[in-house]
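These protein sequence lines map, in sequence, to chains A and B. Note that the numbering used here has the first sequence beginning at 1, numbered continuously upward. Note that the numbering used here has the second sequence beginning at 1, numbered continuously upward.
Just so you know, the hints here were simulated from the structure itself, not pulled from any lab data. A quick note: this is a predicted structure, and the numbers were derived from the prediction, not measured. Yeah, the Cβ is synthetic: ideal placement off N, Cα and C, and Gly gets one too. Any given hint could turn out to be false.
Unchecked claim - Some chain B residues judged to face chain A by a derived CB distance under 7 Å, without partners named: (1) E5; (2) I6; (3) E32; (4) L45; (5) R48; (6) S49; (7) A50; (8) V52; (9) L54; (10) G57; (11) M58; (12) F59; (13) A60; (14) M62.
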Amino acid sequence: MANTQAICNSFKTDILQALHNFGTTVTRAGTGADTFKGALYFATATLNKSTTAYSATGEVGNSGSYTAGGITITNATAPTLSTDTAVWTPSASWTTGALFSAAAFDTLLVYNSTQSNKAVAVYTFGSQTIVSGTFTLTMPANSAATALIQLA
Amino acid sequence: MKQIEILYKGRQSFMPEDELEKREGQLDNDNEYTTWVEYWYKGELVHRSAQVNLKKGMFAGMEQGDFGG
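One chain only, chain B, in its complex shape:
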């Protein structure tokens, strides 16, 4: 049985996955593809992990000067 690390009522411990409610989500746009997984226990969020996949970085342009005009 897969054990999930949780934080419940201020205490860190592990619980079997099948005793927790699992919720998953994702965000997909031009900048990133992100997924996350949450585990809830008795209405409380006890675990949340996320993975952010950056799709692109930052662009800086350079322009040379011109003589005369």
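Here chain A stands alone, though its shape is the one from the complex:
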């Protein structure tokens, strides 16, 4: 027998389910599943890895079925392990109807609206403008190499 040092795979999925708390002063707002939202941002905004929370600055304005703060992401699938990677991907897609955005947008911010709107991740895509149309965003496959969040 030999021992092998490693971050335990179970820990990776546990983190995505808030089962560990290394902080000394951290207080979670409730113990149930959190609500996550996706907000769209203009290409001129400056979201990046330093983004800490949702902000309306640079966000696509109220239009059609899109309202400031974005759209609630259906969190139907709990984090799971794919090979050695903890993965999580929300529902397959969401669509905004009758949207009008004269300025190009190219960014989705996923954030936790239950926990003080804390930022989760920033995703960019090719710039889009929408005129009296719909914008549909389809999520990637929930596997180790493609999931929306991959923790390994």
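With chain A fixed as given, assemble chain B onto it according to the hints.
Just chain B, lined up with the frame of chain A:
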């Protein structure tokens, strides 16, 4: 006849699809597969819809510490 929702000269309305010029496009790279459809009327873009299919999300790596060295 399929009706298309349009914005023309600041007014929102519907027009039959065959009275509009239809243009389609796509973007395919490692990050996304995106398609869009545009309708033009008298040289003006009056409708544009898009569908972005994300191919992959974000990866975060973890590395455990080591005792000694």
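To see whether the hints hold, each was checked on the structure:
| no. | hint | result |
| --- | --- | --- |
| 1 | E5 | holds, 5 Å |
| 2 | I6 | holds, 5 Å |
| 3 | E32 | holds, 5 Å |
| 4 | L45 | holds, 6 Å |
| 5 | R48 | holds, 4 Å |
| 6 | S49 | holds, 3 Å |
| 7 | A50 | holds, 5 Å |
| 8 | V52 | holds, 5 Å |
| 9 | L54 | holds, 5 Å |
| 10 | G57 | holds, 4 Å |
| 11 | M58 | holds, 5 Å |
| 12 | F59 | holds, 4 Å |
| 13 | A60 | holds, 5 Å |
| 14 | M62 | holds, 5 Å |
When the structure is compared with the earlier hints, no violation turns up for any of them.
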